[in-house]
Amino acid sequence: MSDPVSKEVPTQRTERDPDLPPNFVEDMVREQVAQGRHGGRVVTRFPPEPNGYLHIGHAKSICLNFGLAQKFDGQCNLRFDDTNPETEDADYVHAIKKDIQWLGFDWGKNEFYASDYFQKLYELAVQMIKDGKAYVDSRTTEEIRDTRGDYYKPGVEAPDRGRSVEENLALFEQMKGGTLPDGSHVLRAKGDMASTDVKMRDPVMYRIRHAHHHRTGDTWCIYPLYDWAHGQSDYIEKVTHSICSLEFVNHRPLYEWFLDQIGAPPGDRPEQTEFAKLNFTYTVLSKRRLLELVKLKHVEGWDDPRMPTLSGLRRRGVTPEALRTLCDRVGVSTRDSVVDISLLEHAIREDLNATSPRVMAVLRPLKVTLQNFPENEVIEFDAPFDPEKPEGPSRKIPLSRVLYIEQEDFMETPPKKFFRLAPGQEVRLRYACIIKCIEVKKAADGSIEELVCEWDPASRGGTPADGRKIKGTLHWVSATHAVDATVRLYDRLFLAENPLKDKDTYLEHLNPNSVEVLSGCKLEPSLAEAKAGQRVQFERLGYFCEDASTTAAARVWNRTITLKDTWAKVAGKE
RNA sequence: ACGGGAGUAGUCGAGCAGUCAAGACACGCGGCUUUGACCCGCGAAGCGAAGGUGCGAGUCCUUCCUCCCGUACCA
2 MSDPVSKEVP TQRTERDPDL PPNFVEDMVR EQVAQGRHGG RVVTRFPPEP
52 NGYLHIGHAK SICLNFGLAQ KFDGQCNLRF DDTNPETEDA DYVHAIKKDI
102 QWLGFDWGKN EFYASDYFQK LYELAVQMIK DGKAYVDSRT TEEIRDTRGD
152 YYKPGVEAPD RGRSVEENLA LFEQMKGGTL PDGSHVLRAK GDMASTDVKM
202 RDPVMYRIRH AHHHRTGDTW CIYPLYDWAH GQSDYIEKVT HSICSLEFVN
252 HRPLYEWFLD QIGAPPGDRP EQTEFAKLNF TYTVLSKRRL LELVKLKHVE
302 GWDDPRMPTL SGLRRRGVTP EALRTLCDRV GVSTRDSVVD ISLLEHAIRE
352 DLNATSPRVM AVLRPLKVTL QNFPENEVIE FDAPFDPEKP EGPSRKIPLS
402 RVLYIEQEDF METPPKKFFR LAPGQEVRLR YACIIKCIEV KKAADGSIEE
452 LVCEWDPASR GGTPADGRKI KGTLHWVSAT HAVDATVRLY DRLFLAENPL
502 KDKDTYLEHL NPNSVEVLSG CKLEPSLAEA KAGQRVQFER LGYFCEDAST
552 TAAARVWNRT ITLKDTWAKV AGKE
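Under this note's numbering, the residues of the first sequence are numbered 2 to 575, in order.
The hints are simulated quantities; they were obtained by calculation from the structure and are not laboratory data.
Note that CB positions come from ideal geometry on N, CA and C, so glycine has one too.
The reader is advised that the hints may include incorrect statements.
As the list claims (entries may be wrong) - The calculated lysine-lysine pairs, modelled on DSBU-like cross-linking and capped at a C-alpha distance of 35 Å, are:
{"id": "1", "residue 1": "K278", "residue 2": "K298"}
{"id": "2", "residue 1": "K390", "residue 2": "K437"}
{"id": "3", "residue 1": "K177", "residue 2": "K298"}
{"id": "4", "residue 1": "K417", "residue 2": "K570"}
{"id": "5", "residue 1": "K570", "residue 2": "K443"}
{"id": "6", "residue 1": "K418", "residue 2": "K437"}
{"id": "7", "residue 1": "K99", "residue 2": "K502"}
{"id": "8", "residue 1": "K239", "residue 2": "K200"}
{"id": "9", "residue 1": "K296", "residue 2": "K532"}
{"id": "10", "residue 1": "K574", "residue 2": "K442"}
Said to hold, decoys possible - Derived DEER-like restraints, expressed as beta-carbon distance ranges:
{"id": "11", "residue 1": "V403", "residue 2": "W568", "range": "22 to 28 Å"}
{"id": "12", "residue 1": "D269", "residue 2": "E248", "range": "26 to 32 Å"}
{"id": "13", "residue 1": "W103", "residue 2": "D269", "range": "32 to 38 Å"}
{"id": "14", "residue 1": "G109", "residue 2": "G41", "range": "15 to 21 Å"}
{"id": "15", "residue 1": "D503", "residue 2": "R336", "range": "22 to 28 Å"}
Just need the whole structure built from these sequences, with the hints factored in.
As C-alpha cells, then:
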C-alpha cells in the first residue's frame, strides 16, 4: 500500500493517522507494543478456508491484518485453514492468493497451511491423551449431541470418558490407522459437561473422514476441528494477535483453554480479538450464499461483475485502491453493522474520477445528420483525456456529416430545465461545435429515426463566436469513425435492502434487471486500441472497464458504476 | 428461561466526566461548470429508556428495553 509518510518518517509509523478514524484493535496493539508485550513483536494472520472465493467482507480483514503488520513493522501470515477436505480445493487456494495480491498485499514467504501442522497437531493431541485431558468417544453423532444438554440444562458425561490412557492411545492410533469407518469415533477434550458455556462441554478435537485432501492426499483420515486446529496453528506460527470476527467471541474461552492445556506460556501466546465484519445493504456476503448463486446459475460465476467477490469487483472495474480506502473509512468496531452501499459506491467513484481518462461513447445511438455540413469532409478536434488538464495528453476526435447522440438526449416535447436537444433548440457537441435541431424524421410506427440538424461553423471547439450561452453539452460519436461494441450495464444484484431478512426466500429479491446487455454501441475511435482491463469514463455516462472476454472483432465493456445523476433525480420527481 | 456480545443522526463512526457531541456517506438548498460529473458553500438530523452518584455524565453505578451470537464429527 502506498504510505509515503511511513517511508519518509519511519519512526512515526506507529502513530495514529490523523486522516483516518482510529480503531480499537490498532490502539490495543499500539499500547501492547509500547509495553513490550510479545517482545514488541506483531504477528497477525489472515486465515481463509479454501472453500470459496474471497469477497469484499474479507477485504476488511485483509486490510486490518496486513495493515497492522505494516504499521508495526510486523508480519502477516497467509494461512489456509484447510482442515475440512470435503469442501476445500486447490483451485480456491489459487484464486484467494490472486485476490489478496490484487488488493495490494504481500505475505512474502509466510504462506502456510493448517495442514502443514497435521503431524504436530496430532502429537499435541497424543500428549493431551497422555495427560488424561482427552478421550475417544465411540458413540454416534446423535448420541453425543443428545447428551450435550442445552442452554438451560447441563450435559451428561460420556460413558467412554473414563477410558484408560492406554485404551485411548490405542483407539486414537486406530482412528488414525484407517481401519475405522467415518463417524465411528471422535477424540474429545475433557472439558466440563456442566459448564454454562456449551462450547466447553467436552469439545470434539478430531473426527474420522476418509477423504482426499488437496495437499496431504490420503495421508490422513482423521482431521482436526476448528477450535483445536486454529488456536494451536496460531501458537505454532507464534502469532501474537489472532483477529477474527464477532461470531467467534463465543470461542475465545475455548481458544484460551486449549492453549492452557498444551502448556502455552501465558505471557507468550496468541491473543484473540474480535471485530465486526463488513456487511452492505443490498448485498449478500456469505460464502454459502454466494456458492448458491453460482451453482444455481443466477450469476455466471464467482467472478461475475455483479458478485461482491474480489474477483467480481475486479472484473467489474473496481480498483483495489477504492476498496482499501473504503476499509479505512468504515473503521473497526465491535458493533454489528451494515454499511450503506453508497459508501462503497462513493469510494469507487472517487478513485475512478481521479484516475480514469475521459472518452466518449454512445450507448443507445440516435442518428443525427448535419444538413449544412459538407459531404465527405472530416474535421478533427483535439480533446484532452483529462479535461482538468487541457494541456495534458489528448486525442483527435473526428466530426463528419453523420453522427450519433444518445437517444435520451433528445425529446420532442421537453419538460422544463431539459438542457438537451429538442426541436428548434441548440446544444453543444462536446469539444466540437453547436448544433440546432431543425427536423425530426420518424419511422412508420412513429418512432424517431433521425434528427436533422444545422451546425454553427463559427462555434468550432464548442465556443460560439457571439458568446451566446449554451447550457447543454452532449457526448457524441461520428458515425463513420465509430467503433462498435457491446456494453453491459450492471445494477445491484438484489432489490431488497436486506436480502437475507428471510433467509429462505432471499432469492426472490434478486434483481431481474441486474444486467442489461447493449449491442451496437458506438465508441469513439481512440478506443479501438484499448486493452482488456482498461478503465475509462464515458463522459456523462459512467465509468467503464473493458471486459476480459473482449477481442478486436467483438469489443465488450462493463459498466463499473454510473456517474451521479442529478437530472435523473429531478426528472424522476415529476 | 441460560451464557456471551452490542446499543451515539438514515448508514458507518470518533468521543474514555468539563468548549455549541468530530468526520465520512446519504439527504436537502445554493454556487461553479464545454461531463446535470467533479469541485465549493450552506442546512436538517443523534447519545435505547428510567433512575442514581458528581459542581459537572454518551462517558461512572443500578434497573429495564431492544438487537446479535451460542446446543455442527463446518470454519
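The hints, checked one at a time:
1. Simply put, K278 and K298 have alpha-carbon atoms about 27 Å apart, close enough for the 35 Å limit, and the pair holds.
2. Proposed proximity of K390 and K437 is supported: the alpha carbons are some 29 Å apart, at most 35 Å.
3. Between K177 and K298 the alpha-carbon distance is near 40 Å, which puts this suggested pair outside the 35 Å criterion.
4. A distance of roughly 14 Å separates the Cα atoms of K417 and K570; the hinted pair therefore holds under the 35 Å criterion.
5. Among the hinted pairs, K570 with K443 is consistent with the structure: their alpha-carbon atoms are about 29 Å apart, no more than 35 Å.
6. As the CA atoms of K418 and K437 are separated by approximately 17 Å, the hinted pair is consistent with the 35 Å bound.
7. With a C-alpha separation of about 32 Å, the suggested pair K99 and K502 falls inside the 35 Å cut-off, and the hint holds.
8. Only pairs whose Cα atoms come within 35 Å are accepted, and K239 paired with K200 is accepted, the gap being roughly 25 Å.
9. Between K296 and K532, the direct Cα distance comes to roughly 30 Å. Compliance with the 35 Å bound is thereby established for this hinted pair.
10. At most 35 Å may separate the alpha-carbon atoms for a hinted pair to count; K574 and K442 meet this at roughly 30 Å.
11. Taking the beta carbon of each, V403 and W568 are about 27 Å apart, inside 22 to 28 Å as hinted.
12. For the pair D269 and E248, the beta carbons lie near 27 Å from each other, so the given range of 26 to 32 Å is met.
13. Our hint of 32 to 38 Å for W103 and D269 holds, since their Cβ atoms are close to 35 Å apart.
14. A C-beta distance of roughly 20 Å is found between G109 and G41, which places it inside the suggested range of 15 to 21 Å.
15. The hinted range of 22 to 28 Å is satisfied by D503 and R336, whose Cβ atoms lie roughly 24 Å apart.
The structure does not agree with numbered hint 3 stated previously, though it agrees with all others.
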